[in-house]
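J.: One-letter residues, chain by chain:
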Amino acid sequence: MGMNRILIIDDDEELCELVSEYLTAEGFETECVHSGDKGLERAKTGEHDLAILDVMLPKMNGFEVLRSLREGSNLPVIMLTARGEDSERITGLEGGADDYLPKPFNPRELLARLRAILRRVEGREDGFPEKMEVDDIELSTSARAANVAGESITLTSVEFDLLATLLKHAGKTVRKEDLSEMVLERKLSPYDRSLDMHVSNLRKKLGMRPDGSERIKTIRSVGYIYTLV
Amino acid sequence: MNLFFKLLLWFLVTATLVFGVMYFITWTFQTQPMFSRVQRSSRNQMIIYGGTATQIVNSEGEDGLRTFLSRLKDLEPPREVDLVSDDGKVWFGTNEEIEDSQELISRTLVSNDAVVDFSPNEKALGAAPVTFPDGSKYVLVLQWETPRAPSFFFGSWLGYLRLAGMLLTGVVFCSLLALYLSSPIRKIRDATQKLADGDLSTRVADKVGNRRDELAYLARDFDLMAERIEKLITSQKRLTRDISHELRSPLARMNVALEIARTKANPETQPVLDRLEGESQRLNDMISRLLTLSKLESGSQDFERSTIDLDFLVKEIAEDADYEARANGKSVNIVASTKCRVMGNETLLRSAIENVLRNGVRYTKEGTAVTVALTNGSREARISIVDHGGGVPDEELAKLFRPFHRVEEARDRGTGGTGLGLAIAEQAVRAHKGSISAQNTADGLRVDIVLTQADGSKGPHVN
Chain G
1 MGMNRILIID
11 DDEELCELVS
21 EYLTAEGFET
31 ECVHSGDKGL
41 ERAKTGEHDL
51 AILDVMLPKM
61 NGFEVLRSLR
71 EGSNLPVIML
81 TARGEDSERI
91 TGLEGGADDY
101 LPKPFNPREL
111 LARLRAILRR
121 VEGREDGFPE
131 KMEVDDIELS
141 TSARAANVAG
151 ESITLTSVEF
161 DLLATLLKHA
171 GKTVRKEDLS
181 EMVLERKLSP
191 YDRSLDMHVS
201 NLRKKLGMRP
211 DGSERIKTIR
221 SVGYIYTLV
Chain X
230 MNLFFKLLLW
240 FLVTATLVFG
250 VMYFITWTFQ
260 TQPMFSRVQR
270 SSRNQMIIYG
280 GTATQIVNSE
290 GEDGLRTFLS
300 RLKDLEPPRE
310 VDLVSDDGKV
320 WFGTNEEIED
330 SQELISRTLV
340 SNDAVVDFSP
350 NEKALGAAPV
360 TFPDGSKYVL
370 VLQWETPRAP
380 SFFFGSWLGY
390 LRLAGMLLTG
400 VVFCSLLALY
410 LSSPIRKIRD
420 ATQKLADGDL
430 STRVADKVGN
440 RRDELAYLAR
450 DFDLMAERIE
460 KLITSQKRLT
470 RDISHELRSP
480 LARMNVALEI
490 ARTKANPETQ
500 PVLDRLEGES
510 QRLNDMISRL
520 LTLSKLESGS
530 QDFERSTIDL
540 DFLVKEIAED
550 ADYEARANGK
560 SVNIVASTKC
570 RVMGNETLLR
580 SAIENVLRNG
590 VRYTKEGTAV
600 TVALTNGSRE
610 ARISIVDHGG
620 GVPDEELAKL
630 FRPFHRVEEA
640 RDRGTGGTGL
650 GLAIAEQAVR
660 AHKGSISAQN
670 TADGLRVDIV
680 LTQADGSKGP
690 HVN
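Chains G and X, in that order, are what the protein sequence lines are. Take 1 as the starting number for the first sequence in my numbering and just add one per residue. Take 230 as the starting number for the second sequence in my numbering and just add one per residue.
Don't take each hint at face value.
[As the list claims (entries may be wrong)] Okay, the calculated beta carbon distance ranges per label pair:
#1 X:I489 / G:T154: 33 to 39 Å
#2 G:R186 / X:D435: 55 to 61 Å
#3 X:G558 / G:R175: 21 to 27 Å
#4 G:R175 / X:A556: 19 to 25 Å
It is worth saying that the hints were derived from the structure and are not from the lab. From the three backbone atoms N, C-alpha and C, an ideal C-beta is built for every residue, glycine too.
Could you build all of it, start to finish, from the sequences and the hints given here?
T.: See below:
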């Protein structure tokens, strides 16, 4: 397996340089682009394994880049949200970002999330059976494809793993702590709501059951459960 | 009492006083002298009547006197005429009125001169001595209506009509005047309150209408002031926001540089780098909070609202805080909870409760617990958070919610506060039209957050 190629799209050239230096030292190959349109162009080439995308970009902002990118690409994306505002986080995740990091970020955190996403995409041994069928949902682990009622839906890698984990334990409550470790590959920290946001996005994509009931239920302060009819 | 009623009352008092003064002047300078003149001429008349009667009885005898007295009686204005002897016998006229005149008769006999008695509201009495040819003494007594100056307002329906007309006109026009004066003042006051509540776009000149007086100038000046304040505050807030935002770029670069340095540094340098990382993290926290605060303080923002189960929210936050607190040998306990719901923005409410709770955890002494109680009244939900951190001086209580206010600087720095948590909590609670207050307890601080419950909350029951 060759070196992973990371595309960094950020208008702060100095920051790009530093991140690039840091990631290179950690064994990645990097490419820096300083504008949204150029970044989109490069991301679409398929030469990269992951993109780090800043929200605040001149001309075309990060959300627009992500939206355009998602029209034809499944390139994993970590978004850097500048203001750390909740609305931005949610917009980023809804737009199909695999994870987000509020800026300024801890580089070790960036590295950890980056590796987690790459591992997932490269199909690590995650213990999921090749085919899973629960209700009207079909998951194909190797292709990372999901069908609901025969229709294909697009899930980010986090959402896919989240769904697979919940389906594997369908009918049982999965604790938030476990979900965080299994899916996000990090310990659940207090005040971290990103898991809740991923679940909320997943719910929107899955939709209700034909009978109008919610598929994934929240057990307040404990975790989530994929309910069985 | 409001201005409208004050103006009306003042008018009524003024009107009464004017009326009284006019009445006094008229009475002193017009009625009284006229009255004296009438009194004098009546007396002269009595002297003439008495003299004439004496002459007639001497020249024409008793029959002549009787004719004279009868003629006297028929004169205008109508009068009673009596002739009484000095021993009380009525020689002419009826016996009836003599009783009232007894005192007058004796006075006339003593002075042997005409006497007039005008008592107000009674009949006027006049008496004059008459001497018969045989030398016997008689007294001529005349009784008639007291002449009276007609009252302008009292005593006749026309007078009362005048009075009513005057008062009614006065009240109506004075009400209009009061309204004319008080309504722009009320509008300016409303605007001032709105401005004080943080609505900096409040303007009032247009509402005051097309007038050119001091009130209109006041309204215009208010608008100028509001505009200036709005500009100042907006630019100050923008500055805060921009500065905070701009600070983040170098901070982001610093973090990465720090991490690169870490990979190249020898083991002795690591603690210093840890320290640098910690300080950078603190700076970042502070910037986040400044941004949140400046966003909240602008106040006009519309937040996404939904129904929130406050008991779940409090439980969740308390558990997170407890997790953190345990690392320092402290804890967070929920001592009371009840089912209640509020309408609001979950993120904001969460940050309000979280900030107060974390503040409590920061200050409470090691080995003690911060307690959280959620109770509800008929319309309100109350979250009380009590720590055992020794409290603050009483005069500092109200200032606790000011940004960067610190009670004990040295201690606070040691505990890692940013000085913004409570300010954020206050702004977040205010955005929900709730209230937040702090009180000292025996050995700590108690902060109460009071919110309005959403309709349809269930009655109290303890979980």
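J.: Please go over all the hints and tell whether each is borne out by the structure.
T.: Now the hints, each set against the structure:
Look at I489 (chain X) against T154 (chain G): about 36 Å separates their beta carbons, and that is inside 33 to 39 Å. The hinted range of 55 to 61 Å is satisfied by R186 (chain G) and D435 (chain X), whose Cβ atoms lie roughly 57 Å apart. In this structure the hint that G558 (chain X) and R175 (chain G) lie 21 to 27 Å apart at CB holds, the actual value being about 26 Å. Restraint check, R175 (chain G) to A556 (chain X): a C-beta distance of roughly 20 Å satisfies the suggested window 19 to 25 Å.
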